[in-house]
Amino acid sequence: MRRMTGIFGPLGLALILVGSVTYGILHGSGFLSVLPLLLGFAFSVAALFFRDRTAGGRRQRRLEMHAWMSIALFLGLLVFLQTIATRHDRRFDTTANRRFSLAPQTRAILAGLEKDVAVNLFFKDTSPVRRVLEDLVREYAAASTRLTWRFVDPDRDPVAARRYGVGDVETIVVESGERDAHITETSEEALTNAILKVVRPGRKTVCFTTGHGEKSIDDEAPDGYSELGLALAGEGYDARELLLATADGVPDSCEMLVIAGPSVDLFPREEALVDGYLDGGGKVLMLLEPMTSIPRLCLIAYRHGIEVRDDMVIDRFGKLLAGNYLTPVVNTYGDHAITRPIRELSFFPQARSVLPADPAPEGVEAIVLCKTAQGAYSESDLDSLMAGQTRFDPEHDAAGPVAIAAVASRDVPPGDAAGAPLRRRMRLVVFGDADFAMNANVKTSAHRDLILNTIGWLAEQEDLISIRPRDPLLQPVVLSDREGRVVFWIPVVAVPLAVAGMAAFVSIRRRRSA
Amino acid sequence: MRPFAIIFRRELKYLFRSLTAWVTLSVFLFLAGYFFHNIFKRYNYLSYQMARSGDFGMPLNLTDDVMRPLLGDLSLILLILLPLLTMRLLAEERKQGTFELLLTYPIGDLPAVAGKYAAALATWGIMLAGTVACPVLLAVYADPEPGPIVTGYLGLFLMGGTFIAIGTFFSSLTDNQLVAGVSAFGAGLFFLVIGWTVPFAGPTAAKVISQFSLLYHLESFTKGVIVLQDVTYYLLMSAFFLFLTLKSLESARWRN
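Protein chains in written order, with this note's numbering: chain A, 1 to 514; chain B, 515 to 770.
Misleading hints may appear alongside valid ones.
Claimed, not checked - Stretch-level coverage of chain A by chain B, calculated; a stretch enters the list once three of its residues show a Cβ under 8 Å from a Cβ in chain B: (1) 67 to 77; (2) 84 to 96; (3) 126 to 140; (4) 486 to 499.
To be clear, the hints were calculated from the coordinates, so they are not data collected in a lab. Beta carbons are placed, not taken as given, at the ideal position from N, Cα and C, and that holds for glycine.
Please model the entire structure based on the sequences and the hints provided.
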């Protein structure tokens, strides 16, 4: 019996340590995580109890064991207190602009997390934003035990960067389960919205129209869109086809409508459907080939803020880089969430020009998404072009840079129906080409990012939160030479010297008194 | 209270009548001033560069770019200097043979340990107060946020309190001051740098390791945020090592 009770003490101490990790630090929930702590306490108490009775005359051994047990119990008490402090996350932010206090929306979202979320921050060790970002993400982790974070330097861990599809651009990848979201902005708003995207249940459906010779997501031919369909599935979307002609409207299940390279125009009824869909805050992506007669589609785009011209973009850089003049090269991107992360060139085999409508319809914000270099122009005489001739005509043709894609958006008043979203925003993106996203080209250059970013932006939901960015609190200080000298002499020389003088005084006094 | 006050006064008097406290203090203030000067000069240079280029893309503020690095540096200096203060607390008593006397005094272990600990803590407080010239100079030439300066000093004070508790414990184990000092330095360094392995550890291990790291818990204080669990961490760590010291004294009594 005595031999058995001898292990109670060390066992109690070990169990308290295990319990402090499972319950106190890892925030385990449920009885199992508390069990080691409870057992640890029980064994420690038991050891004290039995030692007092069985040690008999071996006083020193008894006292030794007593000391160990009391240490175990004291440690357990401290762990218990620290656990309470950890679980009741009380913090007081004393900074002037409360820059370390998360917005109430963020706190609410983090408190409601039901799934684990991992935040992977792909930033080089030398990145100047790293410290600010670390401060931010630490606050997130403090607000939720379900959130973990780590910095990855793409130079030191290129395998991880490749696995997450992260290039040279500093990127945050937020993942939960099989879903992930890539963001390049480092604001609280962007990070919280990325978390919302990955934890929100359900998959979004991207509807591709059919019936007008559009590209098909099932077509594996070089000019098909099957690669895009696979990429969308990988990003967590369901892609399906929608025959507009027989539909009563765009189904609610469709997160957006993609009209990809139609060879013929919409019917008037379909025109009304798409028009009404956009008016109601719908999201539409048009990929429109040149040399096709699609006036109704062009009219829909124009009514919602984007002008699609009936021309062909000619680019001498296309000859140099892609082998022909009819493949304009895009080297300039608009300042937009879709194109901000993109650094590479894009090629658009046979494209028409697309630009924001002037004047813009009321309430519409439209900008150019992609444009060529100066050396390009848009050829409006398509007959001559078909005959193999083209020449820049300043009267009819537009000089470069030529816009090839544009984006328009507009706030739509909330619907009257019960349960209607509080805020809806019409979103329209038009590319003057559909071939850049076909199987043969989608993996080229930045094409995949361009089309997926576009669909990602269109799929943004209205309930994503908006957080006012905090003032960065800039306090530049430029000292004069005199001030610089003061900053040296007072702290480095005067103060330590004064104390050293006291040391000398003490030393002299001691010698005299000795 | 009286035995505590006696021990406290006796220790403080001893420290400041000998050269130990004065030399430690002047070395600490020199190093603190030197670090402050370098950090502030660098900040001045960055401000100048930014003003010239007009690029204010990155926030440049006195809390994050002067006070935080300074307090981080001070935490390393205190790791080196505090064992010099604590190594003699009980080890010297052992060496001079007054330890047994201390154990037999009717003052109790707790006031004895608490008095010695409080005296070292007060010395550390004086050392820290000596660096106030740095934030005062900041306030003269710029407009620093007062909150983070106060919380930063509070964090450093608490961290120093933990170092002193660790040092007191190791001082109670031996009569060799050097052994006590080196052991306290080693233990302090371990708790300080354990957080460096966090970036290379898995998520679970990182969580466990960072909870034991002295630097990890200082982080919030230096950026101007007081977090309850960081305050309790330092207090409880100090309490634990002081408790170990008491147990060490107790065991010394019955061993003898």
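Hints and how they fare:
1. Evaluation of the coverage hint for the segment 67 to 77 of chain A: fulfilled, as 5 residues show C-beta separations to chain B shorter than 8 Å, against a requirement of three.
2. Counting residues of the segment 84 to 96 of chain A whose CB lies closer than 8 Å to any CB of chain B gives 11, so the stated coverage by that chain holds, three being the minimum.
3. Under a criterion of three residues with beta carbons nearer than 8 Å to beta carbons of chain B, the stated coverage of the segment 126 to 140 of chain A is upheld, 6 such residues being counted.
4. For the segment 486 to 499 of chain A, the assignment as covered by chain B holds, since 11 residues bring a beta-carbon within under 8 Å of that chain's beta-carbons and 3 suffice.
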